[in-house]
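Student: I would like the entire structure built from these sequences, with the hints used as guidance.
The lines below spell out each chain.
2 protein chains.
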Amino acid sequence: MELFEALKTRRSIRKFTDEPVSDDELKTVLEAAMMAPSAGNAQPWQFIVVTEQEKLEKIGSINPYAAMAARAPVSILVCGDLSLEKFPGYWVQDCSAAVENMLLAIHGLGLGAVWTGVHPLKERIKGFRDLLGLPEQIQPLAFLVIGHPDQQLKSESRYREDRIHHNQWEG
Amino acid sequence: MELFEALKTRRSIRKFTDEPVSDDELKTVLEAAMMAPSAGNAQPWQFIVVTEQEKLEKIGSINPYAAMAARAPVSILVCGDLSLEKFPGYWVQDCSAAVENMLLAIHGLGLGAVWTGVHPLKERIKGFRDLLGLPEQIQPLAFLVIGHPDQQLKSESRYREDRIHHNQWEG
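Protein chains in written order, with the working numbering: chain A, 1 to 171; chain B, 1 to 171.
These are calculated hints, taken from the structure and not from any lab test.
Using N, Cα and C, we set each Cβ at its ideal position, and we do this for glycine too.
All the given hints hold, so there is nothing to weed out.
Straight-line Cα separation of at most 20 angstroms, EDC-like style, residue types lysine to aspartate or glutamate; simulated pairs:
| hint | chain 1 | residue 1 | chain 2 | residue 2 |
| --- | --- | --- | --- | --- |
| 1 | A | K8 | B | E5 |
| 2 | B | K8 | A | D23 |
| 3 | B | K27 | A | E170 |
| 4 | A | K27 | B | D162 |
| 5 | B | K8 | A | E31 |
| 6 | A | K86 | B | D162 |
| 7 | A | K27 | B | E2 |
| 8 | B | K126 | A | E170 |
| 9 | A | K27 | B | E156 |
| 10 | B | K126 | B | E136 |
| 11 | B | K27 | A | E2 |
Some but not every residue of chain A turned toward chain B, in silico, with C-beta under 7 angstroms:
| hint | residue |
| --- | --- |
| 12 | K8 |
| 13 | A39 |
| 14 | Q46 |
| 15 | F47 |
| 16 | V49 |
| 17 | V50 |
| 18 | S96 |
| 19 | A97 |
| 20 | R158 |
| 21 | N167 |
| 22 | W169 |
Tutor: What follows is the structure, given as C-alpha cells:
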C-alpha cells in the first residue's frame with residue numbers, strides 16, 4: 001500500500017472475522033513498531049502478544065471498550081520499560097509513535113485494529129499488570145486488538161485549517 | 001513511497017539544504033498529522049508553523065538539540081489543546097501519533113525532519129510558551145525541524161525478538 005493512502009484510509013476497526021493473524025504478519029507489525037523514533041533512540045518498549053482465550057475473555061472487565069478482544073485472534077499490549085529510558089519522561093511519546101507505526105502496518109497488511117487506552121488510568125494499568133504479571137518498571141500504555149476486518153469504514157479528511165497557526169498563537 | 005519502505009527507512013534528519021518547503025508539502029504533512037487516531041476522536045491538537053528567522057534563531061536557547069531550526073526552512077510546534085480533550089490524559093498519546101504520521105509523510109515527500117522533545121520538560125515548555133504566546137490550555141509537546149535532507153542516513157532494522165513476550169511477562 002502506498003504511504004499516503006495508508007495515512008488517509010486507516011480507521012479504527014472493532015469487528016473481526018475468525019481468520020487468524022499469521023506469525024509473519026505479527027512480526028511485520030512488531031518490526032514496524034520498533035522502527036519508531038524514540039528519545040535518545042532508547043527504544044524503551046516491550047510488547048506482550050496475547051492469544052490465550054482465557055486471558056482475552058478477561059480484558060472486558062479491565063476496559064469495556066476493549067471487550068472485543070475476546071472475539072479477535074490476537075491483541076498486543078504495548079508497554080514502556082522505564083529501565084530502558086535515557087531521557088526520563090519520554091516513554092509515552094516513544095511508545096505512542098510505535099503504536100501509530102503498528103496501526104499503519106496493520107492497515108497496510110489488510111488487517112485492522114483499534115488502539116484502546118490504558119495509561120494513565122490507574123485501574124486499567126493495575127488490571128493489565130495483574131493479568132499479565134508485569135513488574136513495576138513495565139508500564140502498560142495501550143492495548144491493540146487486531147484481526148481481519150469484518151467491517152468497512154469510509155475515511156474522510158480530518159484536515160482543519162483552524163488548527164494551523166503561523167509564527168505565534170492566533171487564538 | 002510504499003508504506004513499509006517508509007516505515008523501515010525513516011530516520012531523524014538534522015542537516016538541511018537551503019531549498020524551501022512548499023505550502024503544498026506543508027499541507028500534506030499537516031493533513032497526515034490530523035488523520036491520526038485520538039481518544040474519542042477528539043483530535044486535541046494545534047500546530048504552530050514557524051518560519052520567522054528571528055524566532056527560529058531563539059530555539060537553540062530553549063533546547064540546544066533543536067538549534068538547527070535556525071538553519072532549516074520551517075519548523076512545526078505540535079501542541080495538545082486541553083480544551084478539546086474528551087478523555088483527559090490522552091493528549092500526549094494523541095499528539096505523538098500525529099507527530100509520527102508527520103514524520104512518515106515528511107519522509108514520503110523526500111523531505112527530512114527531527115522530532116525534538118518539549119513535554120514534559122518544564123523549562124522547554126515555558127520557553128515555547130513565551131516565544132509563541134501560548135495560552136495555558138495549549139501544551140507544547142514536540143518541535144519538528146523540517147527541510148530537504150543534506151545528509152544520507154542508512155537504516156538498519158531495530159527489530160529485537162527479546163522485546164516480544166507471549167501471554168505473560170517473561171522477564
